[in-house]
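Novice: Top line first, the protein sequences correspond to chains A and B. 855 is the number that the numbering used here gives the last residue of the first sequence; the numbers go up by one with no jumps. 317 is the number that the numbering used here gives the last residue of the second sequence; the numbers go up by one with no jumps.
Since the hints were derived computationally from the structure, they do not count as laboratory data. Incorrect hints may have been included.
To be verified - Using 27 Å as the maximum straight-line C-alpha spacing, the simulated BS3-like pairs for lysine-lysine come out as follows:
no.	chain 1	residue 1	chain 2	residue 2
1	A	Lys646	A	Lys777
2	A	Lys712	B	Lys95
3	A	Lys594	A	Lys777
4	A	Lys712	B	Lys219
5	A	Lys850	B	Lys95
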Amino acid sequence: MRTSKECKAGRKPVSWSRKAGVVVALLLGTCLWSTSLHAQGKVVVFTFGGTWLDYMKKDIIEPFQKETGIQVEARVFQNTMEGLAQLKAQKSNLDVDVWATSPIPALLAAKEGLSDPLSASELSNAQYLPASLIRPEYVGWYKFFFGVVYNKAAVPGGIHTWKDLWSPDLKGKLGLPTAAYGQGKFVVLLNWLAGGTEENADPGFALAKTLTPSAAAFFHSDTEEAKFLESGEIAVASFMMVGDYLPMAESGKYEFVAPDPYVPTTVDCFALLKGKNHANGLKFINYALGKAAQEAFAADGAVLPINSQAAAPASLAKYAPPESHYRYVDEGAAADHLQGWIERWNKEVQVQ
Amino acid sequence: MTASLTVPMSRVPARLVPYLLSVPALGLLSMLAIALASLFAASFRGDSGALGLDQYRNVIGDPIYRGYFLKSLKIAVYACVGSIIFGCPVAYYMEFANKSRRRLILMFIVLLLFSDYVMRVYSLILIIGNNGIINRALLWLGLIHQPVHFMYAELGVVIGLILGNGPFMILSVSSILGRIDPHLGQAASLLGAGKWAVFFRILLPLSAPGIVSGSVIVLLLSLNAYLTPELLGGGFVRMIANFVYDEAISSWNLPLASAAAAILLVIACAVVLAINRFADRLGRRIGIIPVKQ
Numbered sequence: 504m505r506t507s508k509e510c511k512a513g514r515k516p517v518s519w520s521r522k523a524g525v526v527v528a529l530l531l532g533t534c535l536w537s538t539s540l541h542a543q544g545k546v547v548v549f550t551f552g553g554t555w556l557d558y559m560k561k562d563i564i565e566p567f568q569k570e571t572g573i574q575v576e577a578r579v580f581q582n583t584m585e586g587l588a589q590l591k592a593q594k595s596n597l598d599v600d601v602w603a604t605s606p607i608p609a610l611l612a613a614k615e616g617l618s619d620p621l622s623a624s625e626l627s628n629a630q631y632l633p634a635s636l637i638r639p640e641y642v643g644w645y646k647f648f649f650g651v652v653y654n655k656a657a658v659p660g661g662i663h664t665w666k667d668l669w670s671p672d673l674k675g676k677l678g679l680p681t682a683a684y685g686q687g688k689f690v691v692l693l694n695w696l697a698g699g700t701e702e703n704a705d706p707g708f709a710l711a712k713t714l715t716p717s718a719a720a721f722f723h724s725d726t727e728e729a730k731f732l733e734s735g736e737i738a739v740a741s742f743m744m745v746g747d748y749l750p751m752a753e754s755g756k757y758e759f760v761a762p763d764p765y766v767p768t769t770v771d772c773f774a775l776l777k778g779k780n781h782a783n784g785l786k787f788i789n790y791a792l793g794k795a796a797q798e799a800f801a802a803d804g805a806v807l808p809i810n811s812q813a814a815a816p817a818s819l820a821k822y823a824p825p826e827s828h829y830r831y832v833d834e835g836a837a838a839d840h841l842q843g844w845i846e847r848w849n850k851e852v853q854v855q
Numbered sequence: 025m026t027a028s029l030t031v032p033m034s035r036v037p038a039r040l041v042p043y044l045l046s047v048p049a050l051g052l053l054s055m056l057a058i059a060l061a062s063l064f065a066a067s068f069r070g071d072s073g074a075l076g077l078d079q080y081r082n083v084i085g086d087p088i089y090r091g092y093f094l095k096s097l098k099i100a101v102y103a104c105v106g107s108i109i110f111g112c113p114v115a116y117y118m119e120f121a122n123k124s125r126r127r128l129i130l131m132f133i134v135l136l137l138f139s140d141y142v143m144r145v146y147s148l149i150l151i152i153g154n155n156g157i158i159n160r161a162l163l164w165l166g167l168i169h170q171p172v173h174f175m176y177a178e179l180g181v182v183i184g185l186i187l188g189n190g191p192f193m194i195l196s197v198s199s200i201l202g203r204i205d206p207h208l209g210q211a212a213s214l215l216g217a218g219k220w221a222v223f224f225r226i227l228l229p230l231s232a233p234g235i236v237s238g239s240v241i242v243l244l245l246s247l248n249a250y251l252t253p254e255l256l257g258g259g260f261v262r263m264i265a266n267f268v269y270d271e272a273i274s275s276w277n278l279p280l281a282s283a284a285a286a287i288l289l290v291i292a293c294a295v296v297l298a299i300n301r302f303a304d305r306l307g308r309r310i311g312i313i314p315v316k317q
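Take the sequences, apply the hints, and build the full model.
Specialist: Structure follows, in structure tokens:
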């Protein structure tokens, strides 16, 4: 009879490649199992970073998690066009469910097949929203407008109209946006001022070239614009949302103005992406459109709620222009021309 | 009783060990090869989707795009020269300083290299920005009435690249200096050579390989720079990497971005070859490389 040692010696040993295969299979199985487990009570939200994320966590994400038990994984992007590029790169294996973005990137994402169509019937709070802000590609989240923020000491005369940006006193003091910033809203504004439309931006580009000598720097994002202003690299942030200004307002050094004759107005929105948690994504969007979330976020972000039941924040009363001054961008036309504007801006305007 | 020869299967055969050890490197090389292959494949896709050289024609034929390449080369050369001017004296000082001082300088350089690159570049804003220390001092002294625009111009980018990549030059030169026989300098002095003669005729030629390899590193890093022009260029200084990023991300024009990246790769290879050839010839001329028979 053979001893156990002889048995072990005689037994054909398992090759190391087979052992490795078993380990890999176990690891894969564990990953898949844990992924499926987490997918049951989870939603992945791709959103703006910085203070916007802080407000979103406080006013929407944490209350949503508490109320529904669904875990929210927040991921951030630098700006919406970069966010779109990241999503396009993940297209074959998209794991983002909700994208907090702007209408133009949402329209572009839908063209790329990244999003699922939305309908009012799936969102109980849609009844309180303007019908024009519920589209298959996106649903509006809040409304906001752009203005100018300047350092009061560096611009003693102040700024009252957009044309003041061309003042010789502001030469070398302006922070101007890149064309990609705000999905070309500044290009649209210059175009309006020059008498053009979203379909024909030639007048706007001709006007933009006359502004370049006044530029001290070009910024890509809200945080970069604020950083330039607060560090003194620019004296005028020529295109800023009032929500980005409010944290600076306390210092008393800066002034926000919604210049005449009008301010570009738009919405930020939610797109429902082809992630793995479709139902939870809809719940999250619906929650964010509810009265409580809208009022809380609007108060913190100094934006205007779009839910008719929600009250506009008192903090905005001082800065918001009359209703007649809001001018809305043709988002669809801008989406069609944006990439051409970006190329043209880089070649013709953003040069030294 | 028969003797059984049992080969323990748990031990990997010795002849397989070198191959196993190269598996991680092969993995990295494969990933690089796949990335390069997909880059080149994308670069041959025209606007209509047909294969061809359209994108290369678009890049080379457009004066603005050509300008980005020339600007990148110019800035990279300035950064390289600046790194030599500022880095070599530090390397020489390190070599001839006492042990504790050498260690301190080396520690500082290593800390600099291991510190966050973005933080290093941003710290420059505090020094050379419109509101930075230098401008404030000059304004306070009454030497200027408006801040000098170091930042958001090519000068700021070059300074940022020297700060970011200069440590590689210092380390490269000091590693060669450490291998030079100190008796050579002593022998030259004994034979009547002054300090400057020892430096220019012995130390400098012998440290040339370090300067060359440091130059290659700084040139390549500077040519491919993205963050420094992005942070310190203020949107005015667009180097090739910024152009590639904008085309790939903002405009989603991957074929054009790939063509530009491919051209940059070719230029970088040409620069390295040219420098190596020059260094070879120089080395033979000054006698540190044996002449081919």
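Novice: Holds or violated: A:Lys594 and A:Lys777, Cα atoms, limit 27 Å.
Specialist: holds (9 Å)
Novice: Measure nothing beyond the straight line between the CA atoms of A:Lys712 and B:Lys95; if it is 27 Å or shorter, mark the hint as holding.
Specialist: holds (21 Å)
Novice: Is the straight-line distance between the alpha-carbon of A:Lys850 and that of B:Lys95 27 Å or less?
Specialist: holds (14 Å)
Novice: Below or equal to 27 Å on CA atoms is what counts here, so check A:Lys646 against A:Lys777.
Specialist: Holds: A:Lys646 and A:Lys777 sit about 25 Å apart, inside 27 Å.
Novice: Regarding the pair A:Lys712 and B:Lys219, is the alpha-carbon distance no greater than 27 Å?
Specialist: violated (57 Å)
The structure is inconsistent with hint 4 alone, although it conforms to all the rest.
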